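*Asks:* Sequence:
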Amino acid sequence: MTRYLHSAKGFTLIELMIVMSIVALIMGMVGPLAINSLEKAEAKQEMLTLKNWLKRISYRAYATGQQHQLALEGKRATLTVGINNQSVITVETFESIFFEPQIMTFNTLGIISPSTMAGEYKGEPMSLNLKSWVNGEEEITYLTPSS
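Residue numbers for the sequence shown follow my numbering, so the first one is 2 and each next one is one higher.
Simulated from the structure, these hints should not be mistaken for laboratory data.
Just so you know, not all the hints are guaranteed correct.
The list that follows gives simulated cross-link-like pairs (lysine-lysine, DSS-like), each with its CA atoms no further than 27 Å apart [claimed, not checked]:
{"no.": "1", "residue 1": "Lys123", "residue 2": "Lys52"}
{"no.": "2", "residue 1": "Lys10", "residue 2": "Lys45"}
{"no.": "3", "residue 1": "Lys10", "residue 2": "Lys41"}
{"no.": "4", "residue 1": "Lys10", "residue 2": "Lys56"}
{"no.": "5", "residue 1": "Lys52", "residue 2": "Lys10"}
{"no.": "6", "residue 1": "Lys52", "residue 2": "Lys41"}
{"no.": "7", "residue 1": "Lys52", "residue 2": "Lys76"}
{"no.": "8", "residue 1": "Lys76", "residue 2": "Lys10"}
{"no.": "9", "residue 1": "Lys41", "residue 2": "Lys76"}
{"no.": "10", "residue 1": "Lys56", "residue 2": "Lys45"}
{"no.": "11", "residue 1": "Lys123", "residue 2": "Lys45"}
{"no.": "12", "residue 1": "Lys123", "residue 2": "Lys10"}
{"no.": "13", "residue 1": "Lys56", "residue 2": "Lys132"}
{"no.": "14", "residue 1": "Lys132", "residue 2": "Lys45"}
{"no.": "15", "residue 1": "Lys132", "residue 2": "Lys10"}
{"no.": "16", "residue 1": "Lys123", "residue 2": "Lys41"}
{"no.": "17", "residue 1": "Lys56", "residue 2": "Lys41"}
Fair warning: this is a prediction, and the values are worked out from it, not measured in the lab.
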(Lines of atoms letter the chains of each structure in order from A and count residues from 1; the text may use other names and numbers.)
(Lines give C-alpha, C1' and ligand atoms only; values in the text may rest on other atoms or scores of the structure.)
Protein backbone atom coordinates (compact mmCIF):
# COMPACT_ATOMS: atom_id res chain seq x y z
CA MET A 1 0.00 0.00 0.00
CA THR A 2 1.40 3.34 -1.12
CA ARG A 3 0.73 6.40 0.87
CA TYR A 4 1.05 9.92 -0.51
CA LEU A 5 1.67 12.73 1.87
CA HIS A 6 0.58 16.09 0.58
CA SER A 7 2.74 18.80 1.97
CA ALA A 8 1.03 22.16 2.25
CA LYS A 9 2.23 24.41 -0.60
CA GLY A 10 1.03 27.97 -1.02
CA PHE A 11 -0.62 30.42 1.32
CA THR A 12 -3.70 30.20 3.41
CA LEU A 13 -6.62 32.53 2.88
CA ILE A 14 -5.88 34.35 6.14
CA GLU A 15 -2.29 35.05 5.11
CA LEU A 16 -3.40 36.43 1.76
CA MET A 17 -6.02 38.65 3.39
CA ILE A 18 -3.46 40.06 5.85
CA VAL A 19 -1.00 40.87 3.05
CA MET A 20 -3.73 42.47 0.94
CA SER A 21 -4.90 44.63 3.86
CA ILE A 22 -1.33 45.81 4.52
CA VAL A 23 -0.88 46.71 0.84
CA ALA A 24 -4.23 48.58 0.84
CA LEU A 25 -3.22 50.49 3.98
CA ILE A 26 0.12 51.54 2.46
CA MET A 27 -1.53 52.59 -0.81
CA GLY A 28 -4.06 54.63 1.16
CA MET A 29 -1.23 56.57 2.78
CA VAL A 30 1.01 56.97 -0.29
CA GLY A 31 -1.69 57.47 -2.97
CA PRO A 32 -2.75 61.03 -2.07
CA LEU A 33 0.89 62.14 -1.91
CA ALA A 34 1.53 60.77 -5.39
CA ILE A 35 -1.58 62.45 -6.80
CA ASN A 36 -0.61 65.78 -5.20
CA SER A 37 2.90 65.54 -6.68
CA LEU A 38 1.45 64.79 -10.11
CA GLU A 39 -0.86 67.82 -9.95
CA LYS A 40 2.06 70.07 -8.95
CA ALA A 41 4.17 68.76 -11.83
CA GLU A 42 1.34 69.33 -14.32
CA ALA A 43 0.83 72.90 -13.05
CA LYS A 44 4.55 73.63 -13.35
CA GLN A 45 4.60 72.21 -16.87
CA GLU A 46 1.65 74.43 -17.78
CA MET A 47 3.50 77.53 -16.53
CA LEU A 48 6.57 76.58 -18.58
CA THR A 49 4.34 76.04 -21.61
CA LEU A 50 2.90 79.54 -21.14
CA LYS A 51 6.39 81.03 -20.89
CA ASN A 52 7.57 79.28 -24.07
CA TRP A 53 4.36 80.20 -25.89
CA LEU A 54 4.83 83.90 -25.05
CA LYS A 55 8.40 83.74 -26.35
CA ARG A 56 7.23 82.10 -29.60
CA ILE A 57 4.55 84.77 -30.08
CA SER A 58 7.19 87.47 -29.55
CA TYR A 59 9.46 85.85 -32.13
CA ARG A 60 6.56 85.41 -34.57
CA ALA A 61 5.61 89.10 -34.27
CA TYR A 62 9.23 90.07 -34.96
CA ALA A 63 9.70 87.59 -37.81
CA THR A 64 6.46 88.48 -39.61
CA GLY A 65 6.63 92.21 -38.87
CA GLN A 66 3.00 92.14 -37.74
CA GLN A 67 1.48 93.22 -34.47
CA HIS A 68 -0.01 90.32 -32.47
CA GLN A 69 -2.57 90.61 -29.72
CA LEU A 70 -3.17 88.12 -26.91
CA ALA A 71 -6.55 88.40 -25.18
CA LEU A 72 -6.58 86.74 -21.76
CA GLU A 73 -9.75 86.01 -19.85
CA GLY A 74 -10.39 83.25 -17.35
CA LYS A 75 -8.64 80.09 -18.46
CA ARG A 76 -8.59 81.08 -22.15
CA ALA A 77 -5.96 82.87 -24.17
CA THR A 78 -6.82 83.98 -27.72
CA LEU A 79 -4.04 85.04 -30.10
CA THR A 80 -5.01 87.33 -32.99
CA VAL A 81 -3.07 89.09 -35.73
CA GLY A 82 -3.85 91.66 -38.39
CA ILE A 83 -4.74 95.31 -38.72
CA ASN A 84 -7.89 95.08 -36.61
CA ASN A 85 -6.82 91.84 -34.90
CA GLN A 86 -9.61 89.98 -36.68
CA SER A 87 -7.60 86.94 -37.73
CA VAL A 88 -7.59 84.40 -34.87
CA ILE A 89 -4.46 82.27 -34.93
CA THR A 90 -5.01 80.04 -31.92
CA VAL A 91 -6.97 79.66 -28.71
CA GLU A 92 -5.29 78.01 -25.72
CA THR A 93 -7.04 76.74 -22.60
CA PHE A 94 -5.20 76.33 -19.31
CA GLU A 95 -6.13 74.25 -16.26
CA SER A 96 -3.98 75.67 -13.43
CA ILE A 97 -3.71 79.28 -14.65
CA PHE A 98 -6.58 81.75 -14.40
CA PHE A 99 -6.18 85.15 -16.08
CA GLU A 100 -7.78 88.45 -15.17
CA PRO A 101 -9.30 90.03 -18.30
CA GLN A 102 -6.43 91.80 -20.07
CA ILE A 103 -4.99 92.31 -23.54
CA MET A 104 -1.29 91.85 -24.23
CA THR A 105 0.14 93.44 -27.39
CA PHE A 106 3.30 92.27 -29.18
CA ASN A 107 4.61 95.03 -31.45
CA THR A 108 6.48 94.44 -34.71
CA LEU A 109 9.75 94.21 -32.77
CA GLY A 110 8.34 91.41 -30.59
CA ILE A 111 8.19 93.54 -27.45
CA ILE A 112 5.19 92.89 -25.22
CA SER A 113 3.15 95.50 -23.42
CA PRO A 114 1.97 95.86 -20.72
CA SER A 115 4.94 94.40 -18.92
CA THR A 116 2.98 92.51 -16.25
CA MET A 117 0.38 89.76 -16.42
CA ALA A 118 -2.07 89.27 -13.55
CA GLY A 119 -4.12 86.26 -12.57
CA GLU A 120 -4.08 83.16 -10.39
CA TYR A 121 -1.79 80.15 -10.44
CA LYS A 122 -2.95 77.06 -8.54
CA GLY A 123 -5.51 79.22 -6.75
CA GLU A 124 -2.91 81.75 -5.55
CA PRO A 125 -2.67 85.34 -6.88
CA MET A 126 0.15 85.85 -9.38
CA SER A 127 1.75 88.76 -11.14
CA LEU A 128 4.27 87.89 -13.84
CA ASN A 129 7.02 90.27 -14.88
CA LEU A 130 7.07 89.87 -18.64
CA LYS A 131 10.06 92.17 -19.13
CA SER A 132 12.46 89.40 -18.18
CA TRP A 133 10.31 86.51 -19.47
CA VAL A 134 9.60 87.73 -22.99
CA ASN A 135 11.57 90.90 -23.69
CA GLY A 136 14.77 89.59 -22.09
CA GLU A 137 15.22 92.72 -20.00
CA GLU A 138 16.97 92.28 -16.69
CA GLU A 139 16.60 94.66 -13.81
CA ILE A 140 19.92 95.69 -12.31
CA THR A 141 20.06 97.19 -8.87
CA TYR A 142 23.13 99.25 -8.05
CA LEU A 143 24.16 99.52 -4.45
CA THR A 144 25.83 102.78 -3.52
CA PRO A 145 28.53 102.51 -0.89
CA SER A 146 27.58 104.25 2.32
CA SER A 147 30.03 106.83 3.64
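*Asks:* For each hint, tell me whether it holds in the structure or not.
*Replies:* Quick rundown of the hints versus the structure:
1. Lys123 - Lys52: Between lysine 123 and lysine 52 the Cα gap is close to 16 Å, so the pair holds against 27 Å.
2. Lys10 - Lys45: Roughly 51 Å between the alpha carbons, so the hint for lysine 10 and lysine 45 is violated.
3. Lys10 - Lys41: violated (46 Å)
4. Lys10 - Lys56: At roughly 65 Å apart (the allowed maximum being 27 Å), lysine 56 and lysine 10 break the hint.
5. Lys52 - Lys10: violated (60 Å)
6. Lys52 - Lys41: holds (17 Å)
7. Lys52 - Lys76: Roughly 15 Å separates the two Cα atoms, so the pair holds.
8. Lys76 - Lys10: Between lysine 76 and lysine 10 the Cα gap is close to 59 Å, so the pair fails against 27 Å, i.e. violated.
9. Lys41 - Lys76: Roughly 17 Å separates the two Cα atoms, so the pair holds.
10. Lys56 - Lys45: holds (17 Å)
11. Lys123 - Lys45: holds (10 Å)
12. Lys123 - Lys10: violated (53 Å)
13. Lys56 - Lys132: holds (11 Å)
14. Lys132 - Lys45: holds (20 Å)
15. Lys132 - Lys10: Violated. Lysine 132 to lysine 10 sits at ~71 Å, over the 27 Å cutoff.
16. Lys123 - Lys41: Given pair lysine 123, lysine 41 holds - Cα atoms ~9 Å apart, limit 27 Å.
17. Lys56 - Lys41: holds (23 Å)
Checked against the numbered hints given earlier, this structure breaks hints 2, 3, 4, 5, 8, 12, 15; the rest are met.
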